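**Q** Each chain, written out:
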Amino acid sequence: MEQGFQLFPRQASTFATHVDRLYLFLTGISAFFSVLIFGVIIVFAIRYRRRPGHEAIQVEDAFSLEILWTAVPAFLTLGIFVWSSSLFLYQSIPPKGARDISVVGQRWMWKIQHSNGRREINELHVPSGQAVKLTLTSQDVIHSFYVPAFRMKQDAIPGQYRTLWFEATTPGEYHLFCAEYCGTNHSRMTGRIVVMSDVDYQSWLGGGMEHTPVETGKQLFTQFDCASCHESGERRRCPTLGGLYGTQVELESGQKVLFDESYVRESVLDPNAKVAKGFPAVMPSFRGQVSEEQMLDLIAYIKSLAPQQQRELVEGANR
Amino acid sequence: MEARAHQFEDAEQQQDAATLGMWVFLTTEVLFFGALLLGYSVYRRAFPSTFGEASRHLDIVLGTVNTAVLLCSSLTMAFGVYQAQQGNNRALVRYLLLTMFLGSLFLGIKFYEYYEKYSEGLLPGSAFVWHGSDTAHASIFFLFYFILTGMHALHMIVGVCLLLVLAIRGRLGRFSASYYTPLEMGGLYWHFVDIVWVFLFPLLYLVDRSS
Amino acid sequence: MSTEQPTWFTREHYLNASFGWRSWLLTTDHKRVALLYLMTITVFFFLGGAFATMIRLELLTPAGDLFQAETYNKLFSMHGIIMVFFFLIPSIPAVLGNFLVPMMIGARDLAFPKLNLLSWYLFVAGGVFVLWSIVAGGVDTGWTFYTPYSSMFSNTNVVLAILGIFIAGFSSILTGLNFIVTIHKMRAPGMTWFRLPLFIWAHYATAVIMVLGTPVIAITLALVALERVWGVGIFDPALGGDPLLFQHLFWFYSHPAVYIMILPGMGVVSELVTTHARKRIFGYSFVAFSSIAIAVISFLVWGHHMFVSGQSQFANLMFSLLSFLVAIPSAVKVFNWTATLYRGSISFSAPMLYAMGFIGLFTMGGLTGLFLAAIAVDIHVHDTYFVVAHFHYIMVGGTIMAYLGGIHNWWPKLTGRMYPETWARVAAVIVFAGFNLTFFPQFILGYLGMPRRYHAYAEEFQVLNVMSTAGASILALGYLLPFVYLIWSLKYGPEAGTNPWEAKGLEWQTLSPPPTENFEEMPEVSEAAYNYGSPSPSI
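Residue numbers (the numbering used here), protein chains in the order written: chain C, 33 to 351; chain X, -8 to 202; chain D, 1342 to 1880.
Hint data in this document are derived by calculation from the structure and do not stem from the laboratory.
Among the clues, some could well be false.
To be clear about the criterion: a stretch of chain X counts as covered by chain D if any three or more of its residues have a C-beta under 8 Å from a C-beta of chain D, and this derived list gives those stretches [stated by the list, open to error]:
no. : region
1   : 88 to 96
2   : 112 to 124
On the chain D side, residues computed to face chain C include the following (Cβ under 10 Å) [to be verified]:
no. : residue
3   : 1361
4   : 1599
5   : 1672
6   : 1705
7   : 1725
8   : 1860
9   : 1862
10  : 1866
11  : 1867
12  : 1868
13  : 1872
As the structure is a prediction and not an experimental result, all values here were calculated from the model.
All C-beta atoms, glycine included, are put in the ideal place defined by N, C-alpha and C.
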């Protein structure tokens, strides 16, 4: 990783180059105005220093000057706002087809799972030249996933999902820091990001022998007995879940919600907060029984369910 | 006749300052209750059915009675200040005592309601018992209920004590048609506490009553 | 040393009008209350400074080898809580504001002198609870008390600390209430709004923020305490709550709070620059209205502390835009102060040195605020030393320098004594140098990626950390010097006259130290503020 004294961090993501450009511009104008103000003060201080024979001369206000030095900062700040906002919009929307990786922060480690099931702790291997999307959450308190070399950071909030995406550029190893104070070992909740070429990443990925999140999720779906309702064919008791992910669900109250990760999570923990229309509020709560990682596996499984698959399953069960 | 405090030029300045001071203080109270109401609103919007269900566990009869009691007390307070303006000390004191009685009645009913909730197991915390489905958010409803009405009740207690002090001073002849500023200030405070209840009652008791 | 008795002893003024504990602890004289505050906040300043010293010592080496992690976490938490709530927020308003607001407007006292004394007692009571929480083992949540860590996970004295802050908050509210009513209702005849010194405008704006913002933090922290005590989950997701709700409520106050900390300093600087350059302020109404604009906009930007928390894109963009907007009135002030020096007669007295330092350092701190308002950059530097450097440039390079400049400027008025000018100039230069060496490297550290609140850090950050600690030792010296020579001057300083700076302003038209009633004859005002270049009306 970083060796020795540095004054500027390495760039290892597509976003980093853009941020640094804005940063250097901001540094430039800050330097300009700081030197200007300090300079003028010093010049005035010397030129108008108190000495015999030189009285203060009262000066009239100048409205046009006031307008000038209100307008110039206004335009400057507006310009910076537009520039930074366009960067922000680029950064906040992950491109389609980004590689999915899930991250759970927990005191005091980062637990990572790749889409093929391979798990890591405090290390994240990623391919260069591809968009990677992290789904972040926390098992306990608020953490923050921070990679200075990527210029990227996102809070990991317990009870909620956040996404962070990046496209790494240069293979190498980079710092991973927790950037939201989380208690005793906050400063030790660090790790490394290992950026590899695509080829190397593929072979690394194949190295793990674990189940995919979907496979694990399916096991959990059976283990927690979700199937007894949701795949039983008794469609009056609870909805089958195939093909629902990503659609709008109508609730008893008439309100519509998006069937996304958060809705799945909430339905598992507080099932009667948002009951789908036409179904009774009979689902038990699994609060305290499902860890955040297990939740992510369940979500991966439910996401993978297509309506066709469900019909076959049900017909199979009824035979 | 109250002596002019030394920092003021005249009685008018003193009264102006007291009035502005009371309005500024009431503004801080708006922010105080406002923050609580904001928190309440956020959760109510997120969990409307749970909050509706929880709200139906509140005693609507007692709540309505209390609202009537408090509104009456504001009326008697206003009458009291009017009597002060007219210089009628004895009537003033009578209205203050009446207002105090109504305020105490409100508090009595409130504490009876609290006792009811306690015996139903609706005190938030480890003793919370909920027969519905969404226990966590029902508990949050009751937390806000107790904090909002509890803070309100605290302000009422302070108000009743203030009225006692004013009644004593009134009895001792400290007020007149030309000096009744403390009564006006007391009146402002009392009406404000009443208005807070006028917000609290519908927001807490009347959620989803029709279903 | 003169052999005749100085008039300090023979004339009656507010310091010798009465003696004994009760005359001080039961005083209603705003000037005595100001001195009570001065003594109390000085204690807190040095306590907070001691915690800072320990932090900087730990950070000399990358390993966490001086303190245990838990201890370090308590050190930065206590440093923040004490400095924010028990030093910076009261400092200028409670000391200089309490002393000068009535005098500058030509009044005998504040509108509610007993409430003023009560506000000091509340401050002390709050301080006692916080000191108790320290002695009982400290708090490790950070001064920001983020949930669910503070409400459900921390094993430290959170409730005690919160109680202290809650009580001290009422001190703030009462001070603000007093200032608002006083400024509205007790101005001397002829003292119209636009003849007021800008110190008053700044304190008025500050008072509005104090009054509107403090109740919100009070109830928010109270809810955290209740969550800890009752085990309910308002802010804890495991119990159905929302941790982001805490952040919104917390920052709704704590952002305007930073303007409570800087606006009075700006007010002081307006006075210092005019007095020590003998010039009318350039752009009076622009500076006055900027104070109000800052106070108003300050309530609309809190979400810039939450750019990476996951609030909506729309919220992020709005808060970013408004945060850029709030920079503009501050820039206007900086330009006006600088222009005030033009064609002045500039004295290099300690107050002027502090004022010039303020203008430059506040400019730097303010400009780095633009980096933070830019979401794309903030994503990288949020929760790093860049932010730490930014706010220390404003709080220390700004507020504390203004505070020291103000203490020096009005020392003759408060005490009737002059401070030793050479020592004061030397101290000002030491403070300036030490400050920059401490905090400038932290901008670089932040962009490199060093997170804040880190007990141990990556090795490549060490050189800059060592520089920062070296600077801190110089800064500490710079702060100790005034403490020593100001106390020295109480006994050995030459007597200051009524108006050693030949300044305009009603406070300079009465004796030093002033009589208890402030003025022997209540003044009437007929001229504009800062009417330098014209002879003063005689009193």
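**Q** Would you settle whether the hint for residue 1599 of chain D is holds or violated, based on the nearest Cβ-Cβ distance to chain C being less than 10 Å?
**A** With a minimum Cβ separation of about 18 Å from chain C (threshold 10 Å), the hint on residue 1599 of chain D is violated.
**Q** Check, residue by residue, whether the region 88 to 96 of chain X contains three or more positions whose beta-carbon lies closer than 8 Å to a beta-carbon of chain D, and give the verdict.
**A** violated (count 0)
**Q** Would the stated hint for residue 1866 of chain D survive a check requiring a Cβ distance to chain C of less than 10 Å?
**A** Interface hint status for residue 1866 of chain D: violated (19 Å vs cutoff 10 Å).
**Q** Per the CB criterion, is residue 1725 of chain D less than 10 Å away from chain C?
**A** 7 Å, holds
**Q** Against chain C, run the beta carbon of residue 1860 of chain D and see if the smallest gap drops under 10 Å.
**A** 27 Å, violated
**Q** Min Cβ distance, residue 1672 of chain D to chain C: is it shorter than 10 Å?
**A** 4 Å, holds
**Q** Go through the hint on residue 1862 of chain D and say holds or violated, using the shortest Cβ distance to chain C against 10 Å.
**A** 28 Å, violated
**Q** Report holds or violated for chain D covering the region 112 to 124 of chain X, Cβ cut-off 8 Å, minimum 3 residues.
**A** holds (count 3)
**Q** Does the closest beta carbon of chain C sit nearer than 10 Å to the beta carbon of residue 1705 of chain D?
**A** This hint holds: residue 1705 of chain D lies near chain C, its Cβ roughly 5 Å from the closest one there, short of 10 Å.
**Q** Against chain C, with CB atoms and a cut of 10 Å, does the hint on residue 1361 of chain D hold up?
**A** Violated - the Cβ of residue 1361 of chain D stays beyond 10 Å from chain C, reaching only about 44 Å at its closest.
**Q** Is the interface hint satisfied for residue 1868 of chain D? The criterion is a beta-carbon contact with chain C at less than 10 Å.
**A** Residue 1868 of chain D check fails; min Cβ-Cβ to chain C is 13 Å, beyond 10 Å.
**Q** Against chain C, is residue 1867 of chain D within 10 Å by beta-carbon distance?
**A** Check failed: Cβ of residue 1867 of chain D comes no nearer than 18 Å to chain C, outside 10 Å.
Taken one by one, the earlier hints fail for this structure at numbers 1, 3, 4, 8, 9, 10, 11 and 12, listed in ascending order.
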